[in-house]
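Undergrad: Sequence:
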Amino acid sequence: MGRVEYWNDPEAPKPNTLVPACGVVAVDDLGKILLQRRRDTGQWALPMGKQEIGETPSECAIRETLEETGIAVEILGIVGIYSDPGHIVAYTDGEIRQEYEVTFLAHPLGGTPMENDEASAVGWFAPEDMLTLDIHPTMRRQIVDYLNGNTPHID
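Read in UniProt numbering, the sequence shown has 59 at position 59, and its numbers run on one by one without any break.
Computed beta-carbon distance windows for the label pairs:
| # | residue 1 | residue 2 | range |
| --- | --- | --- | --- |
| 1 | 6 | 109 | 33 to 39 Å |
| 2 | 2 | 128 | 30 to 36 Å |
| 3 | 126 | 67 | 23 to 29 Å |
| 4 | 8 | 128 | 25 to 31 Å |
| 5 | 28 | 93 | 33 to 39 Å |
| 6 | 42 | 63 | 21 to 27 Å |
| 7 | 137 | 54 | 27 to 33 Å |
| 8 | 2 | 55 | 25 to 31 Å |
| 9 | 147 | 116 | 25 to 31 Å |
| 10 | 13 | 121 | 27 to 33 Å |
Derived by calculation from the structure, the hints in this document are not laboratory data. We put the CB at the ideal spot given by N, CA and C, even for glycine.
Please model the entire structure based on the sequences and the hints provided.
TA: Dropping the structure here:
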């Protein structure tokens, strides 16, 4: 499904949903961070997705990480809660969301990075390697908060 994102744009459409999304900054023993290249945007992003009814935020983050990357993780803590009324995502099906994300710190338990219908590539990246990657702006902010020790971020 296609989408258009708006940041602090007075011409942005008004949101009609607020959907919690949960994900992780997964860090391995070498300090590398797990990223996926999104098929819908072509940008690198953290594993993250929509929370389902009956699921806790941490369960959602664990499930989404496994589904999107092939990596099983354990939750270690929270990176932050990110909800910016100025960040609007308009989907081609008519849904218009306000950003709302809960991002956890996680450690890998096992698995092999794998492509899927949402990710054209999955890999582990050292922080210095991320400087040249096209990373989704919201995800970059979350990674920087983790790297700078600005956690938990409450927005």
